[in-house]
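With chain U fixed as given, assemble chains S, R and Z onto it according to the hints.
Chains as they are written, first to last, in numbering that gives the first Met the number 0: chain U, 0 to 159; chain S, 0 to 220; chain R, 0 to 407; chain Z, 0 to 389.
Watch out, some of these pointers could steer you wrong.
[To be verified] As a list, the in silico BS3-like pairs of lysine-lysine whose alpha-carbon atoms are at most 30 Å apart:
id: 1; chain 1: Z; residue 1: Lys145; chain 2: Z; residue 2: Lys321
id: 2; chain 1: R; residue 1: Lys237; chain 2: Z; residue 2: Lys371
id: 3; chain 1: U; residue 1: Lys28; chain 2: Z; residue 2: Lys367
id: 4; chain 1: U; residue 1: Lys29; chain 2: Z; residue 2: Lys321
id: 5; chain 1: Z; residue 1: Lys62; chain 2: U; residue 2: Lys29
No lab work stands behind these hints, which were simulated from the structure alone. Quick caveat, the model's predicted, so the values are computed rather than measured.
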Amino acid sequence: MALKKWLDKLTLLDLFDGLSVTGRHLFTKKVTIQYPEQKKLPSDRFRGMFRLDEERCIKCTLCAIECPINIIYIDWHNEKTPEGKSAKVLDRFDVDLKRCMFCQLCEEACPTNPKSIWLTTKTYEMAAYDRNDSLYLDIRKLTDWRAAPNVKPFTVVEQG
Amino acid sequence: MAEETPPPVPPPSDAPAEPAPAAPAAAPAAAPKAAPPKKVEATDASAHPWVESLRSGVAGSVISAKEFARQVTVVVPREQVAAVARHLKDVEDFRYCVDVTAVDWRDREPRFDVVYHFYSFSKNDRIRVKCGVGDGEEVPSIAEVFLAANWPERETWDMFGIPFAGHPDLRRILTWEGFHGYPLRKDFPVEGIDTGAAVYPEEWPEGGGPAPDDPNRKTVS
Amino acid sequence: MSDDRPLSEADKALATQTAEELRAAALAAAESLPVDVHPPTLFDVQEMELNFGPQHPSTHGVLRLVIRVDGERILHTLPDVGYLHRGTEKLFETETYPMGIPHTDRLDYVAAATNNHAYCLTIEKLLAVEIPRRAQLIRVILDELQRLSSHLVWLGTSGIDLGAVTPFWYAFREREQILDFFEEYCGARLTLNCMRIGGLPFDITAGWVERLMEFVDDLPSRIDDYEQLLTDNRIWKKRTVGIGVISGEECIEWGVTGPVLRASGVEWDLRRAQPYECYDELDFAIPTRVNGDTYDRYIVRVQEMRQSVRILRQCLERLPLPPGEFRGKVPRVIKPVAEEVYASIESPKGELGFYCVSNGTNRPYRMHVRPPSFINLQALPRLAKGHLVSDLVALIGTIDIVLGEVDR
Amino acid sequence: MKVLTPTVLTYLKVVILVAVVPAVVGFVIVLAERRLMGFMQARLGPNRVGPKGLLQGVADLLKLVTKEDITPARAEKAVHFLAPVLAVVPALTALAVIPFGPAVRIGRIRTPLWVADINVGLLFLLAITSIGVYGIILGGWASNNKYSLIGGLRSAAQLVSYEVPMGLALVSVLIMTRSLSMVEIVLRQERLGLWFVFPGLLAFFLYFVSGVAETNRNPFDLPEAESELVSGFNTEYSGVKFAFFFLGEYAAMIVISCVAVTVFFGGWLPPFPNVPALDFLGVVPPFGWFLIKTGFFIFCYIWFRSTFPRYRFDQLMALGWKWMIPLALANIVIVALAVLLTPGRSDGMFVLSYIFGGLFVLMFLLAKLRRKLARRERLAAVPASAPEAT
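Chain U on its own, in the form it takes in the complex (with noise of 0.2 Å):
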């Protein structure tokens, strides 16, 4: 390849080469995605915002065991049914979602089918001013996300 070698010492063609790429690419089309306005759709397995369903829930915390950083925080108490039965009734269910590395690793230890906590809500417009107070969920705020109103819930909310 000494031709190749002599011509671009030459004739400064290895340059023109470079200008012709860069301006190929003036006329392709452009990968920008105008972000508030289009939006990418995530996939369906899209780790998101938290959701909990407190119906299926059994209280046995093994998410908050798996979590790998500990930021699951469940209270619960025996409380009698009408029937005469025991039930577990939660007091606290609290994700501190600030420090949440959406792993998934609760939503895999959910023994209920379907689960009972997931993630793949395709929700992950979170932003917020206040970091201790909005990205704190609690019960409420993770069965409802009107209580959470930084929260901009995506349009399909898969469940479970």
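Frame of chain U, contents of chains S, R and Z only:
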């Protein structure tokens, strides 16, 4: 796509990347991609050729040897580490020092294990060398034998407080000079310690966050 | 090896000198703070200490280098790492084996899949479990996708370091597509957490293979574009040829692995040398070059991207077995025997190893990471010596460090 | 209309130049640069401020003006303040001698589209633009920052070195025109019916490359080298002062482009002014031609920036002293010989045009050949298959 295509299996290149001179008796152990070991028990490896070589090359160097998951571990006395490393490099051709680290067995005597991994290109296999070190005892540095051991030894010093005698530049590496304590010791709390490293204590008081009289401070319950 | 003392005496002197010199430089730096003895004359060598980072656009994170320069020529380089130290190894000790996987994502954060893989491989070795073939293939696919994306990040950023801004955007355009595939597979784009001890968390989704195949077919032409911009470009060549030359023997001496080692002529790749998963049945080449300079490392990485494409294609062709097992027989509570094990894979940066000591409980007693970036970085003073400040930027780029992995 | 005497008109033009050029810089070039670079990089570039992002320049300006103006501790305050001014003023001053078009008539007033036609125009230009370097050197030195200092030093060496081939390249044009007046240079090209780029292809190439180096633009943007020197000489500048540096850089870019157009591309003339078949090109007014050509060169600046890596400092020096200056000297000899050895006053220029034109065509042919070779090489570089176990 749907039909099952039997993959054309090329012969596994079980030869090492570099032309190897005859490495006696190492060949069976070196064969990569054998079936994963079925045994989950460690076996005694005192008869392993490398161990034999070590025993004959450096007097009194082998305390014990075992093999687990086709990985040979040799326990050597602390004083002999540099000599062992030199022997492994020069005689047994373990030219590549993979890593140096330590394990803290809090209640054991000696307290630490310093663990070395060496790799041989001709044998295409690794050997693990361990030595027990008490708290405060020095280990001879192998940074002169393997340049690669320089930073890992510094890291071990930083994380465990095991000094390496003869290391060219034994300073802390991941934490800073003046850090109190050795983070990977078992008695070091996971939550961390007060390092006393508040840079502007008047502005950023202990515990972090804005100062109490900062107008931007929001009260958070 | 016939040559058991690989370095020549001069090389050896240079190499061993460096550490001592670094120390001397540090001491000299402390002593030679500006003292007005006499106004320096025009011809005095005027050394200057330059603090390169941690906030510097081309240190790829929070690397700090204290360099002593004479004009622009570098006399000493003193790397100072640890700004991103998070105590990952300590965290591993406090958690059960599966809970460690998300933490590995954060080591080499541009190549999370390979970190997951190395971690899982280590535990699997400890447990002596075999993982299903389908899982093996998918793991290899994820690994190679990750290698592509990591090399793309490297290509873009090191281009920017040398002033070529455009490859960055092209590379990130392709990387974005790769991250889309990751997102579709496991739901995350960067911190994947996409492997489990004994296999995988999920099977692939419908249509993933076809879409990936389409992308893989398209990729070589994109790589051609980058090459057209850089490979022959005289300025790019001037900036990279002959910069930071290191021999293969010296690489081994410094423990340097990965593309840097292969660019110096040592054909050593763990995928070939100690094949894990199903790499032994795949047909791919290990690109090597002989000169060991920055340009060669560039070529090796670009060629590796092309080889990754080949591997991906083969894996994808083999994959559509009937959907089946993707997780081996691993007990729910993982309690390995009280033993120790080291396992490593070829990450995009080099040999990424995990050394695990178990004491029979469900948590690792000690989990140590052998980070390729960290070990490779220690050769930087050796590489940078005598070069100019501008070259230092190229050299930091060419080692391809990720500070999350260096500092752990 | 006695008010608009020629003197007043000149002052008026000066005001327009000083007011318009910054506006052009702000609104057009900054936006064009960012959008075009975006397009070349397969993205959109800024398109949020105003329709299609047209007000991006205003937004940038507002941001810069409202930012805090910081002077570092222990900086040389006076020099630190003076440096941005020194960077802008010469660049704007240089525009005074650029003829943007022939005389135009607005109502009953007839006035040429230049501020001054001084008989040493080209010399004045070279002199005044080289003052701009002081702004950068002093800014780098006064900032009390090592990165800035290195940037300033690099800039000094670079600008001094590239001033020489630039001047020498223009000398060959002088041989052809025998005048230093910018207007005369254009008129000469009109009389000749030939843009000087044809006989002066090499000179133009040398001039433009030196010009890119002179304005610290990629691939010669070493003084600011963002990834090495963290913006170099302007690291410690913010707010209005930074805006001035910014303005200075872009104004210098405009000056270099304008001079290239005036000297080599016939100023306001349409292509081949003497060919009657091309008379329809006259629909575009002369000033329009000037703008189109200048715009093209500014586009080239942007194009280069988005394509090339950056030279290293010593390589830059080597390029300047070992290639550019000898080539420029050789070019002078070639042009002088061509002018001397041919009978007519302008025959030599046509001879040179043919030679350079032929070489140019040859280069395009070679480009095709080279592309073929490059593809073959790239294919050969891919290891076809796994090597057998060695």
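Checklist entry - Are there hints from earlier that the structure breaks, and if so, what are their numbers? => result Of the numbered hints, just 4 does not hold.
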